[in-house]
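Please construct the entire structure, taking both the sequences and the accompanying hints into account.
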Amino acid sequence: MEKQLEDIKAIREMMEKSSKFLSLSGFSGILAGVTATVGAAFAWLYLLRNPEATNFNRMQEITILLADAILVLFLSVSFALYFSWKKAKKNNMKLINKTTLKTIYNLGIPLLAGGIFSVICLWRGDVEIVASTTLIFYGLGLINASKYTFEEIHYLGITEVILGIGAAIFLSHGIIFWTIGFGICHIVYGAILYKKYDLK
Amino acid sequence: MANIISNLNKAFDSRIRLGIMSVLMVNDSVDFNTMKELLELTDGNLASHIRALEGLNYIQSLKQFIGRKPNTQYSITETGRIAFQDHLNALEKLIQ
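The listed protein sequences correspond, in order, to chains U and S. When the letters of the first sequence are read in order and numbered with my numbering, they come out as residues 5 to 204. When the letters of the second sequence are read in order and numbered with my numbering, they come out as residues 806 to 901.
These are computed hints drawn from the structure, not numbers from a lab. No false leads were slipped in.
27 Å max Cα-Cα, derived BS3-like pairs, lysine-lysine:
| hint | chain 1 | residue 1 | chain 2 | residue 2 |
| --- | --- | --- | --- | --- |
| 1 | U | Lys91 | S | Lys841 |
| 2 | S | Lys868 | U | Lys98 |
| 3 | U | Lys7 | S | Lys815 |
| 4 | U | Lys199 | U | Lys91 |
| 5 | U | Lys21 | S | Lys898 |
| 6 | S | Lys841 | U | Lys93 |
| 7 | U | Lys13 | S | Lys841 |
| 8 | U | Lys102 | S | Lys868 |
| 9 | S | Lys898 | U | Lys7 |
| 10 | U | Lys106 | S | Lys868 |
| 11 | U | Lys106 | S | Lys874 |
Now the in silico label distances, taken between C-beta atoms and shown as ranges:
| hint | chain 1 | residue 1 | chain 2 | residue 2 | range |
| --- | --- | --- | --- | --- | --- |
| 12 | U | Ala45 | S | Asp833 | 45 to 51 Å |
| 13 | U | Leu203 | S | Gln869 | 39 to 45 Å |
| 14 | S | Ser853 | U | Val123 | 54 to 60 Å |
| 15 | U | Leu203 | S | Phe870 | 42 to 48 Å |
| 16 | U | Phe121 | S | Gln901 | 48 to 54 Å |
| 17 | U | Val42 | S | Arg873 | 46 to 52 Å |
| 18 | U | Lys94 | S | Arg873 | 31 to 37 Å |
| 19 | U | Trp89 | S | Gln865 | 32 to 38 Å |
| 20 | S | Ile871 | U | Lys13 | 33 to 39 Å |
| 21 | U | Gly112 | S | Ile871 | 19 to 25 Å |
| 22 | U | Gly112 | S | Gln869 | 24 to 30 Å |
Fair warning: this is a prediction, and the values are worked out from it, not measured in the lab. C-beta: ideal position from N, C-alpha, C; glycine also.
In structure tokens form, the structure reads like this:
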């Protein structure tokens with residue numbers, strides 16, 4: 005009886021371990037959320053709160069926002085790579101394997117499409133809609149990639165898509181939806197993943 | 806009870822063979838080194854269990870070259886899938 009229970013547990017563990025990207029670090033999610041919140045706060049305080057206070061023209065504003073967003077993205081990806089690598093090492097796994105690549109590929113396609121689409125929007129001077137497009141495409145990417153990693157990522161994806169639609173409806177409050185989606189949601193879901201999987 | 810136990814497949818008595826079958830149930834194909842890392846085994850140990858499962862026609866191998874490096878991909882056969890499913894069912898019945 006004891007052996008049979010252990011056998012079933014081993015089977016389930018091996019199926020999960022071999023087919024899912026389990027090295028994703030929850031802690032890096034928390035850090036990404038904090039980074040996004042700081043980036044959004046900077047954009048809000050420095051530019052969006054009172055556009056008349058600064059003497060930037062529209063193009064300069066867009067450049068600063070883009071630089072801010074790229075910095076946030078760069079830091080978040082770096083955190084994700086570093087802490088996932090550490091987690092993989094701790095669990096005696098390689099960070100880059102078939103499931104990692106599948107996860108990145110499935111997240112990457114909607115993300116790349118959304119990134120290009122958002123840059124086109126910016127280029128056309130349509131800054132307000134970008135909070136919505138980044139949230140929606142990111143959410144779709146997460147839903148797409150969640151088959152290959154923790155199931156919580158699926159729900160994070162749905163949350164992001166809903167926030168993205170909200171940001172499109174309340175266009176002038178895009179920054180609030182963006183901060184909730186990329187900041188607070190990452191902190192909350194990161195903490196859930198951290199508590200559930202990292203601490204094991 | 807004795808009847809149920811007899812449904813358990815002796816081939817899957819070893820935890821390593823159970824692991825190999827579990828991995829191949831959810832992956833189309835897996836190469837030798839990945840399998841080794843997943844199960845945390847040595848070459849010789851894994852090879853002997855793979856040979857046993859191949860002998861039973863539960864798994865099959867496909868040898869190929871990636872560049873100049875030999876690479877062997879393993880996958881589950883239909884016989885293996887049915888045998889493992891039966892074994893799983895027997896396990897579940899036992900712990901009910």
